[in-house]
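*Asks:* Based on the sequences and whatever the hints tell you, model everything.
The residues making up each chain are set out below.
2 protein chains.
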Amino acid sequence: MNYFEDLEIGHVVELGQHYFSADFIKNYARVYDPQSFHLDEAAAAESHFGALCASGWQTGGVWMRLMVEHVKSETQKAMAEGRKPATLGPSPGFRDLKWLKPVYAGDTITYFSTITGKRESVSKPRWGLVTHHNTGVNQKGERVFEFLGTVFWERRPG
Amino acid sequence: MNYFEDLEIGHVVELGQHYFSADFIKNYARVYDPQSFHLDEAAAAESHFGALCASGWQTGGVWMRLMVEHVKSETQKAMAEGRKPATLGPSPGFRDLKWLKPVYAGDTITYFSTITGKRESVSKPRWGLVTHHNTGVNQKGERVFEFLGTVFWERRPG
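Protein chains in written order, with our numbering: chain L, 1 to 158; chain C, 1001 to 1158.
There may be inaccurate statements among the hints.
[Unchecked claim] Cβ pair distances, simulated, as ranges: (1) C:Gln1017 - L:Ser21: 28 to 34 Å; (2) L:Glu14 - C:Gln1139: 39 to 45 Å; (3) C:Gly1106 - L:Gln76: 28 to 34 Å.
Honestly, the hints are just simulated from the structure, not real lab data.
Beta carbons are placed, not taken as given, at the ideal position from N, Cα and C, and that holds for glycine.
*Replies:* Structure below.
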């Protein structure tokens, strides 16, 4: 990863894609969101969603995995180029999460992250605080998911 | 569930408790958040968290399950008493999610939900829109998680 100082406002990263199979949706729903429209095709067809669709919290969890994989990949790239990679700290939370459209079984969601702001941390001089706007877009180009995240980001040493 | 008209601002519901075992944390993290402090005790001890802790998105997923179970239980109670239960519609999203403290392996989190606002939907006359403030509290009484949710809630017919 680049250091806090190198981050450019407006920079967009494509984090990756995920195919939501019916089994993937049901496996999550059994443990975390056992509503019939996340568990059973026939019941989902009768619901306001009209077809089997993913729990909104699963759509968020997949964003997390793709972000983690992106950070690992960037870290490995920096090390391969002989640069010391910056590390990310914890996230204090996020704002304005929206589930804009259902994510149906068979959908492929592409996730994007755009850096929208950064400021130095007053209390933690090693860190900056970065805000990033994240979206999920389905194979029809429809935005299905978005939120505004915040994360601590390492500053360049010295 | 009660109908939209019967909901009282300020009413608090205890949704239930969940014990976060190390295996529960790791099983989620393998699929959705493969960072070392969610997967491995020794690596977590070296991290800024100091011990194995749950992915923040898993803390949210457990809230979802307990909310679903609460709604099912209230619906069954209404039917047993011969009342027609109200149904909940989809959630358009939520605001201001905060991960205030880590949820460590061995923690038991109790989740609460407080109704903080309601208004009639202009575009969907069958529904009201309800806001609810949700929290997770650990066994020491420390708040670890909170967010402000929104959900469509059925109005009394007629």
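*Asks:* Could you check the structure against the hints above and give me the numbers of any it violates, in ascending order?
*Replies:* none
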